[in-house]
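Participant: Chains Z and R, in that order, are what the protein sequence lines are. All residue numbers for the first sequence refer to our numbering, where the first residue is 1 and numbers rise by one. All residue numbers for the second sequence refer to our numbering, where the first residue is 112 and numbers rise by one.
Any given hint could turn out to be false.
Unchecked claim - Quick list of in silico lysine-lysine cross-link-like pairs, DSSO-like style, CA-CA up to 27 Å: (1) 131/R / 177/R; (2) 103/Z / 177/R; (3) 166/R / 177/R; (4) 1/Z / 166/R; (5) 125/R / 177/R; (6) 42/Z / 152/R.
Simulated from the structure, these hints should not be mistaken for laboratory data.
The primary structure of each chain is shown beneath.
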Amino acid sequence: KQEVTQIPAALSVPEGENLVLNCSFTDSAIYNLQWFRQDPGKGLTSLLLIQSSQREQTSGRLNASLDKSSGRSTLYIAASQPGDSATYLCAVDSGNTPLVFGKGTRLSVIA
Amino acid sequence: GAVVSQHPSWVICKSGTSVKIECRSLDFQATTMFWYRQFPKQSLMLMATSNEGSKATYEQGVEKDKFLINHASLTLSTLTVTSAHPEDSSFYICSARRVEQFFGPGTRLTVL
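Please model the complete structure; the sequences and the hints are all you need to start from.
Facilitator: Following this line, the structure appears as structure tokens:
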């Protein structure tokens with residue numbers, strides 16, 4: 001059974017810092033991996049989706065990498081801003097099954 | 112990307128009443144939809160997988176008689192919380208699969 005772990009559970013950084021969020025999964029037979037953002041009381045916003053054949057995806061200040069063989073993905077946020085404060089969720093898609101979510105990393109960027 | 116809507120976005124009800132939440136895929140047909148529940152400061156937990164025209168598959172620990180799921184068409188799945196109690200208060204999120212999964216904006220249920 002696929003299990004997804006996110007480290008750290010919470011992170012507080014000053015504005016402007018670059019930061020890395022980590023995600024690991026136990027079964028490397030995945031279809032894709034997604035990073036989501038969730039603001040308090042809100043739904044999910046998809047940030048980046050990496051197909052199993054890809055190594056990374058970039059969108060603006062966000063860069064996500066995938067090492068399928070080692071069961072790891074990282075989300076890199078450059079030049080963090082207070083507006084980046086949210087919970088970031090990693091989810092693994094093994095194909096024809098529901099996404100399996102990690103517990104998330106709560107990020108606070110302090111102005 | 113594809114659009115998934117949920118209605119209502121929030122609902123407050125009295126204990127003992129039933130509440131229906133709708134999930135619609137607006138611009139694609141989804142043979143499979145998923146229902147998740149999220150308690151405060153926790154991650155999403157899958158409740159059930161809903162397949163069009165057949166019975167839903169519930170995750171362990173989810174009461175199928177309490178959480179009724181109907182997937183009558185390729186664009187609509189409904190979740191009915193029957194005889195709701197305060198412990199059912201939560202954020203309910205649906206998703207629809209079209210190769211990838213697309214998520215609805217969620218429904219916040221508060222049971223008084």
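Participant: Now tell me, hint by hint, if it's right for this structure.
Facilitator: Hint by hint, here is what the structure shows:
1. 131/R / 177/R: 12 Å, holds
2. 103/Z / 177/R: Measuring from Cα to Cα gives roughly 26 Å; hence the hint holds.
3. 166/R / 177/R: 14 Å, holds
4. 1/Z / 166/R: Satisfied, since the Cα-Cα distance of roughly 23 Å is no more than 27 Å.
5. 125/R / 177/R: 16 Å, holds
6. 42/Z / 152/R: 12 Å, holds
Of the numbered hints given earlier, the model fails none.
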